[in-house]
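Participant: In order, the protein sequences belong to chains A and B.
When we follow the numbering used here, the leftmost residue of the first sequence carries the number 1, and every step to the right adds one.
When we follow the numbering used here, the leftmost residue of the second sequence carries the number 1, and every step to the right adds one.
Any given hint might turn out to be false.
Any copy, or any two copies together, can satisfy a pair, since identical chains are not distinguished.
Said to hold, decoys possible - Below 30 Å or equal to it, Euclidean Cα-Cα: the simulated DSBU-like pairs (lysine-lysine) are:
hint: 1; residue 1: K403; residue 2: K331
hint: 2; residue 1: K348; residue 2: K247
hint: 3; residue 1: K348; residue 2: K362
hint: 4; residue 1: K11; residue 2: K217
hint: 5; residue 1: K87; residue 2: K11
hint: 6; residue 1: K362; residue 2: K11
hint: 7; residue 1: K138; residue 2: K217
hint: 8; residue 1: K285; residue 2: K36
hint: 9; residue 1: K403; residue 2: K87
hint: 10; residue 1: K195; residue 2: K20
hint: 11; residue 1: K403; residue 2: K192
hint: 12; residue 1: K87; residue 2: K247
hint: 13; residue 1: K11; residue 2: K216
hint: 14; residue 1: K221; residue 2: K150
hint: 15; residue 1: K89; residue 2: K11
hint: 16; residue 1: K331; residue 2: K192
hint: 17; residue 1: K247; residue 2: K89
Treat the hints as calculated values from the structure; they're not laboratory data.
Residues per chain are reported as follows:
There are 2 protein chains.
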Amino acid sequence: MHKVDNFDLIKQISITSPSKIVLLVIDGLGGLPHPKTGKTELETANTPNLDRLAASSICGLTDPVGPGITPGSAPGHLALFGYDPVKYKEMIGRGVVEALGIDFDLKPDDIAARGNFCTVDNSGLVTDRRAGRIPTEKCAELCRLLEEIKIDGVKLFVLPVREHRLAVVFRGDGLSPEISDSDPQQTGVAPKAVKALNPQADMTAAIANKFVAQAKKILAKHHPANMVLLRGFSSLPSIPTMGDIYKLKPAAIAAYPMYRGLARLIGMQLLKTGPAITEEFYALKQNYADYDFFFLHIKGTDSAGEDGDFDRKVNVIEEIDKALPALTGLKPDVIVVTADHSTPALLKGHSWHPVPILLYSKWCRADRVGEFSETACITGGLGRFPATQIMPLAMANALKLAKFGA
Amino acid sequence: MHKVDNFDLIKQISITSPSKIVLLVIDGLGGLPHPKTGKTELETANTPNLDRLAASSICGLTDPVGPGITPGSAPGHLALFGYDPVKYKEMIGRGVVEALGIDFDLKPDDIAARGNFCTVDNSGLVTDRRAGRIPTEKCAELCRLLEEIKIDGVKLFVLPVREHRLAVVFRGDGLSPEISDSDPQQTGVAPKAVKALNPQADMTAAIANKFVAQAKKILAKHHPANMVLLRGFSSLPSIPTMGDIYKLKPAAIAAYPMYRGLARLIGMQLLKTGPAITEEFYALKQNYADYDFFFLHIKGTDSAGEDGDFDRKVNVIEEIDKALPALTGLKPDVIVVTADHSTPALLKGHSWHPVPILLYSKWCRADRVGEFSETACITGGLGRFPATQIMPLAMANALKLAKFGA
């Protein structure tokens, strides 16, 4: 299939209509066969609802970034939303994703960093990059202390994220994101001095170092969280939103900050939801009237895969299957069920394996695939294709793409 | 699927590890069904070992250059190694490939040409571009005579290749490869004068013409090899090696100069081997400990296809199948069996038909394909994809590619 390198064509032909698209992302869904049964997690799970949906859908397998490439979460999701994951991943800093993910209202000139509370020993060497994963409440308390730091010409926001993780936002004139990390990404060494990557960033590097120095003093008596590490300094990139490209009014239902941040960055409204699968499906129902595109993200499959817990991943998939009627009952015009990448329990991490996808619509031209599984999807009507093409397919099936050319 | 346009991404994520990849290239493997049986050469051959391997592999079909495009040997192999065949074919001259293929130590400023001994009549018109395919020994003898030619400011190397084929290397200051061929590529006409393609190449063109003129005198009494034709003047291109891109330590086992030359050009170590299939597999075993990537090239299938000899091609495939346990017995982490293009005996030449591929690894997510054949591979889990993506897939399956993006 042709690669969608830019959005020019889609922008030209996309139209707003009342039809609704639901993109259900089962994070890390794809797996590998269990040595004893020869069946993947998805093939092992009892999924009557997904199988029934697959039977009236068109199925296939996608490559999020490319064959052989194991995607991180950000590239995997960028591809799902139609954004070239290599091109846009370069443009999006981790600090920005982190700040947006906790609903911080980042301004165009703000510089955001991702931070960790960490433990340093008496010599100042990092002994634990995560400060023993302090509770989120402790993180919030320490962030309040750090927000008292005063640096001339800069307004500071120190924002708790989860456990040891925080985000720091610097607001002021003439700041630049072109500065290096203080996080050495390893233990046994001291935090690094932040350095300007070009002369225009000298002032920002000095400000970041002042912040770290003062934070060190304030945190000294808060062992194990007696230091802070910063990385991924970045500012809001100039990238098109889903509204710009697809003329959609999109909403995101996701419990984890990273996915919320990415969704917000490309113009989705973040909906309130609890972390449970049923809560996420409930959020969909509650907000169903108000948007025409829903990104519903479920994290548990990926976490179980990362933990190498085959059975737990199977259970999460079965739980999703049980919740599915809450989604199908809304009768969306288009339902896409897929993932951002595979996370086989056997590999205990993300992998390069292509991802099963089903696309349901009244106009999908269903194939003969009668169950939702990696093996069955091989012979699906969508074939094997880049994940960046899911959005044009979903839009077309929602009758939201006009004819190209007379 | 995404096209890998450049190596930036792969360079970023490739890692060196002890795992080993064997790429078995059965040249021209793909075929067309015999009119009487409806089976291709590969489908006709009795291949229990390849079939067993296919059953635990993921299979598919590749397009070396693109659907409908019949690849020459160089583009077909470039694609197998992950190099965009259109881009890099332009950069690699035939003279360079020929010289490297016979293990000549080409220097960066050398100009290499591919040559043929040929037959001319009394009027100087070419009557046989291959001089009746003189024996290789005769070729070597004539090359020694031609190497006596003296041209001011240039050191000459005249190198026998095989039968009527030779390579000529010009070494000196200020030489340029931007000169035209003397080979008219047809009979009944005189060899052409070599012309400079730009003013900087005037001197080199004059040198080449002097060489041809003196060669003509020397060869006059050596009918049928009474003249020489030169083409493909070229110098070493600046292209990334497989070490640069994949951080591999690669080795090539190939009997034919062209494949050896190409392999050496992209940084493979050329291993000593006899021409027989069993000798090539033996070379693999002998050198197995010392490299992490092996390109094993088998020519007989292509030669039989070119000759239109269906049965001989079947026999060569069966011979490879018999030798296969010598490869699988080494238990490489990744085994890829495929070809650089199809050479159907019915077409007596290379063709555009996609090429069957099997990829075996512990992590390959095997599909339901239970035999290695063009027809069975249609329903393989790899689908149909560009051959340039074989290397990323092989690297991923060898766990030699890190995650892209956090």
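Participant: State for each hint whether it applies.
Facilitator: Hints versus structure:
no.	hint	verdict
1	K403 to K331	within (25 Å within a copy, 37 Å between copies)
2	K348 to K247	between (38 Å within a copy, 24 Å between copies)
3	K348 to K362	between (38 Å within a copy, 15 Å between copies)
4	K11 to K217	neither (52 Å within a copy, 41 Å between copies)
5	K87 to K11	both (18 Å within a copy, 16 Å between copies)
6	K362 to K11	within (24 Å within a copy, 43 Å between copies)
7	K138 to K217	within (17 Å within a copy, 85 Å between copies)
8	K285 to K36	neither (40 Å within a copy, 32 Å between copies)
9	K403 to K87	both (27 Å within a copy, 16 Å between copies)
10	K195 to K20	neither (48 Å within a copy, 40 Å between copies)
11	K403 to K192	between (55 Å within a copy, 25 Å between copies)
12	K87 to K247	both (22 Å within a copy, 24 Å between copies)
13	K11 to K216	neither (49 Å within a copy, 38 Å between copies)
14	K221 to K150	within (20 Å within a copy, 85 Å between copies)
15	K89 to K11	both (21 Å within a copy, 16 Å between copies)
16	K331 to K192	neither (53 Å within a copy, 45 Å between copies)
17	K247 to K89	both (22 Å within a copy, 24 Å between copies)
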